[in-house]
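Novice: The residues making up each chain are set out below.
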Amino acid sequence: MNRLDKGILISVIVFLFAVSPWAVVFGQEIKIGVIGPMKFVQGQGHWNGATMAAEEINAKGGIQVGTKKMKIKLIQADSNEFLNVTDATNAMERLMTQDKVDFVVGGFRTEAVLPMQDIAMEHKKIFIGCGAAHPELCLRVAKNYNTYKYWFRGTPFNSTYLVRAAFIHVGTVAAVLKQSLNIPKIKVAVVAEKAMWADPMIPAAEGALPKMGMEIAGIWRPSPVATDVTAELSAIQRSEAHIIFTIFSSSVGIPFARQAGELKIPAIQVGINVEAQKDGFWQATQGMGNYVMSSNTYCQGVESNELTKAFVDGYVKRFGETPTYNSDTYSAIVHGLAPTIEQAGTLDSDKIVSILEGRVYKSASGTVKYMKDAEGKHLHDLTFGPGFLTGISTQWQDGKLAGVWPNKWKATPEAPEVTYKGVVPIKIPPWMIEKYKK
Amino acid sequence: MALVIDIIIGGLISGSTLALLAIGFSLIFGVARIVNIAHTAFYMLAAYCIYVATQKMGLHPVWGMLAAIVLVALLGMISYKALINPIREHEGAVLIATIALAMIFQEIMSLIFTGTYLSVPALIKGYFTLLGVKVFYQQLLTFCAALLVMAVLWVFLMRTKLGLAIRSTAQDREVANLMGINEARVAMMTMGLSVGLAAFTGAIVVPLTILEPHMWGTPLVMMMAVVVLGGLGSLKGSFIGAYILGFAEALVVFLAPMGAYLKGSVALSIMILVLLIRPEGLFGVYFEEER
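Chains as they are written, first to last, in numbering that gives the first Met the number 0: chain L, 0 to 437; chain Z, 0 to 290.
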């Protein structure tokens, strides 16, 4: 064998070693890609949650993979998905081909996560979504298991359950209004931003709210980035709605809450307003977002289970703000991935998938159990309901975010009551009391 | 009746904001043939200036507004001198350069303030009720300020020497030059005036909106639609075009609430329809020779 042949042989061996899974096992680090819109609060939540998880695990020496302890190395990828879906797919491609990550957590907009999901699946890498809510992301797993089995939903639960939880919150508020203001028939204005994730919620609201004994006063679809919604608010006031059922994940949640508060629209806002989940909401609305309610995941002082307090307090101490649901990258890594890798004793995606999909485990927001569809096919979607994940509802009360639900909630008439530690009663806006109190 | 009042108020407020932006944009196009895509980025910068002045430095909003207008107008003039003037004869290059300028401003603001949504307090808090419709004092202020500024601008253009120079340059740059007008200087002054108008718009609109580094995109599209509808370079056209599109937006929101997100698309469709009938816009000139 001459020198040239030897050189080629060595190069081939090095190349094969580099591309084989053994290279990872012999390495000392597990690379986790954290993908999200890093210039925005959502991406910062992804990154902060993952950072906290990595610090916690690494402080204990890492994750036990077979006989080795491997530390976590986080790779940040800015998806810029609010502005450009192509940037998101490029960022995911980079994680796969250049950074060669072992796992990915994050993602926010369904429109961006769908193509990002395709890229991760193509490379057979486990991708735990921590932001997008559309059911299609998990339906793909059932439809084409071999391709999409590497996808798991980390947070939030899918939009069908999000809307179901939101209806429960609307029903709870309606009961409070009926009782305290003697309103016989509650009228609901449905205001949903024009976005893909919100589309299925409109027919769901049209079907469910009348069945719950409420009347729909009208449906409004402002742009997700609308900055002036006074026209919509005028129309809502004219419709004499008592409840404004909001479905917002974008910036429109701020002007809507601010202008409704400034104009003292005599209706209470309930539903989903992602901006109202953040600590910065009070400043962003100049204090006019008082009494705004939103489905939520975390709130200081509210405990879904015994893991919540340590996570929330630790996060507040580390980053100076309350975690949002995007920060559940923490649970995805600490409670989802890490124990599963240890159980599998390998970083092999297929082995980890088969263990993870069968696990039932506690995370900081509740108990995670991955669902199957009616035909028993894996969905890798999150189970909603008492004993699993329920989320919470929060309300801005005089500058503080307070947990207001679940408070003596019964999923069925026979079910036991569910009350999370730290929840307080719902407050009705005083201008609404003034208008309706006889 | 309340619905009609709602539409009128919505149309007037929205139209006034668009008019202020479009007149500034038209002014610099009319005088120097500069399509300044960064026009609404200057509006965004003014909004951030007010945020810093009021929320970080604790200044009264009025001082914040004045500081924002002066600083942004100066920045506009510097940008003109450093970036636009050297390539002014190449209209395509100017267009691209101003796009780049807007992106630079956006990215700088993203770096400093991240994408977090911010806000500033209203200059006048509260609202009044007009025939059953609630109107913010800030909205009334925006409307009155828009009319006042446009009146002042009209007086400035019609009654001052600089105004005359600007109008002359707008009519014919070469002849204005031959008559002894320093056309390059007039263009720079007009740029300052134009950007100052954008800053003023940002200053009075910011309490009604939210601040984020991409807030210049949506008004840019609508402003350009107004300018094209009214006729490129025509101040009168921009004024009238702004109210036409403002009312179109209000009509969509009130008459088709399920399609409120389409208000921009409907307004742009109106623009296209008008252009099909009158390609030069409502008050534009069809051929350069008509000037």
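Read the hints as simulated data drawn from the structure, not as lab findings. Ideal Cβ placement from N, Cα and C applies to all residues, glycine included. Do not take every clue at face value.
When the alpha-carbon atoms are kept at most 25 Å apart in a straight line, the in silico BS3-like pairs for lysine-lysine are as follows [what the hints assert, rightly or not]:
hint : chain 1 : residue 1 : chain 2 : residue 2
1    : L       : LYS434    : Z       : LYS55
2    : L       : LYS263    : Z       : LYS124
3    : Z       : LYS124    : L       : LYS399
Covered stretches of chain L (in silico footprint by chain Z; criterion: 3 or more residues with CB under 8 Å from a CB of chain Z, positions within the stretch not fixed) [as the list claims (entries may be wrong)]:
hint : region
4    : 82 to 94
5    : 352 to 359
Novice: Now tell me if each hint is right for this structure.
Specialist: Checked hints:
Only pairs whose Cα atoms come within 25 Å are accepted, and L/LYS434 paired with Z/LYS55 is rejected, the gap being roughly 38 Å. Note on L/LYS263 and Z/LYS124: the hinted pairing holds, with a Cα-Cα distance of about 13 Å set against a maximum of 25 Å. Proposed proximity of Z/LYS124 and L/LYS399 is supported: the alpha carbons are some 22 Å apart, at most 25 Å. Counting residues of the region 82 to 94 of chain L whose beta-carbon sits less than 8 Å from any beta-carbon of chain Z gives 1, not enough to reach three: the coverage restraint is violated.
Counting residues of the region 352 to 359 of chain L whose C-beta sits closer than 8 Å to any C-beta of chain Z gives 0, which falls short of three, so the coverage hint is violated.
Going through the hint list in order, the structure does not satisfy hints 1, 4 and 5.
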